[in-house]
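Q: In terms of the numbering used here, the sequence shown opens at residue 1 and continues consecutively.
Don't read these hints as lab results, they were simulated from the structure.
Worth double-checking, as some hints may not be accurate.
Calculated cross-link-like contacts (lysine to aspartate or glutamate; reagent style EDC-like; alpha-carbon spacing at most 16 Å) [stated by the list, open to error]:
hint, residue 1, residue 2
1, Lys73, Asp146
2, Lys71, Glu98
3, Lys73, Asp21
4, Lys73, Glu98
5, Lys71, Asp120
6, Lys71, Asp99
7, Lys71, Asp146
8, Lys73, Asp99
9, Lys71, Glu141
The following label-pair restraints were derived from C-beta to C-beta distances [claimed, not checked]:
hint, residue 1, residue 2, range
10, Leu33, Ala129, 25 to 31 Å
11, Asn18, Asp120, 37 to 43 Å
12, Tyr139, Glu176, 24 to 30 Å
13, Trp181, Asn97, 27 to 33 Å
14, Leu33, Asn97, 16 to 22 Å
15, Trp134, Pro168, 34 to 40 Å
Predicted model only: the values in this text are computed from it and were never measured.
Cβ coordinates follow ideal geometry from the N, Cα and C atoms, glycine included.
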Amino acid sequence: MGDCSFTMQNGLEIHAENGRDLWRNNLSAPRMLLQFSTNTIKDEGTNFVVQTVCTSVSREKPTIGGILLWKDKQNWLCLDRGVHGAHEISFWGCSGNEDLVFGRGRLPSDRIYLRLECLDCRVNTLCSADGEEWFTAGYTEFPHRDPVRVGLHALGQVNRLIYVGTYPEGTAIRFESFQLWGYRR
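Turn these sequences into a full structure, and let the hints guide you.
A: Dropping the structure here:
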């Protein structure tokens, strides 16, 4: 990934060159993933939550990216912002090697909280402008048997119908925080 970069200063910045994506056979989006095993907190009814706060890096690059839950190339989920416009929230992914969209919405804020909750085999996604009032982005069933990877990603697939002739340098997103915790229901 010589054309993408990561920076740690005032949070984590991920820059993605044009064409970097997570859709169909293009799985080249830059990402930072942590292998997570629920075996470390294993008990019947054990669940986990991933949460981040993301903002724009500059006006010169659109903010596109978010949380990624990865099992393998045929099974993964994304909760992100910016794919279909500046304030768009999307929940989508691949299940059984089938590309799917589970939910979309709009949240007009530069600073956005994204949250992915795995409750047994159900994944709920939420977004918030302030970390207090949460809105559902969507949900789906996802057999997240160990091990899975969770983390952050940026997308460089700039939609030329929305961003006509602009942003030749790709995209960038800043993550102010990343939290991962498990709990028993």
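Q: Would you mind marking each hint as holding or not holding in the structure?
A: A quick look at each hint next to the structure:
1. Annotation: proposed proximity of lysine 73 to aspartate 146 holds, straight-line Cα distance about 15 Å (limit 16 Å).
2. For the proposed pair lysine 71 and glutamate 98, the alpha carbon gap of about 14 Å is at most 16 Å, so the pair holds.
3. Distance hint between lysine 73 and aspartate 21 is fulfilled; the C-alpha atoms sit about 13 Å from each other, no more than 16 Å.
4. Taking the CA atoms of lysine 73 and glutamate 98, the gap is about 10 Å. The hint holds against a cut of 16 Å.
5. With a C-alpha separation of about 15 Å, the suggested pair lysine 71 and aspartate 120 falls inside the 16 Å cut-off, and the hint holds.
6. Using a Cα cut-off of 16 Å, the hinted pair lysine 71 and aspartate 99 holds, with the two alpha carbons roughly 14 Å apart.
7. Our distance criterion of 16 Å between C-alpha atoms is met by lysine 71 and aspartate 146, whose separation comes to about 8 Å.
8. About 11 Å separates the Cα atoms of lysine 73 and aspartate 99, which keeps this hinted pair within 16 Å; it holds.
9. Proximity of lysine 71 to glutamate 141 is assessed by CA-CA distance (about 13 Å); at most 16 Å being required, the pair is judged to hold.
10. Taking 25 to 31 Å as the suggested C-beta distance range, the pair leucine 33 and alanine 129 conforms, at roughly 26 Å.
11. Restraint check, asparagine 18 to aspartate 120: a C-beta distance of roughly 39 Å satisfies the suggested window 37 to 43 Å.
12. Between tyrosine 139 and glutamate 176 the C-beta distance comes to about 25 Å, which sits within the given range of 24 to 30 Å.
13. Checked against the hint of 27 to 33 Å, the pair tryptophan 181 and asparagine 97 passes, with Cβ atoms roughly 30 Å apart.
14. Look at leucine 33 against asparagine 97: about 19 Å separates their beta carbons, and that is inside 16 to 22 Å.
15. Range check, tryptophan 134 to proline 168: Cβ separation about 36 Å, and the 34 to 40 Å hint holds.
Checked against the numbered hints listed earlier, the structure breaks none of them; every hint is satisfied.
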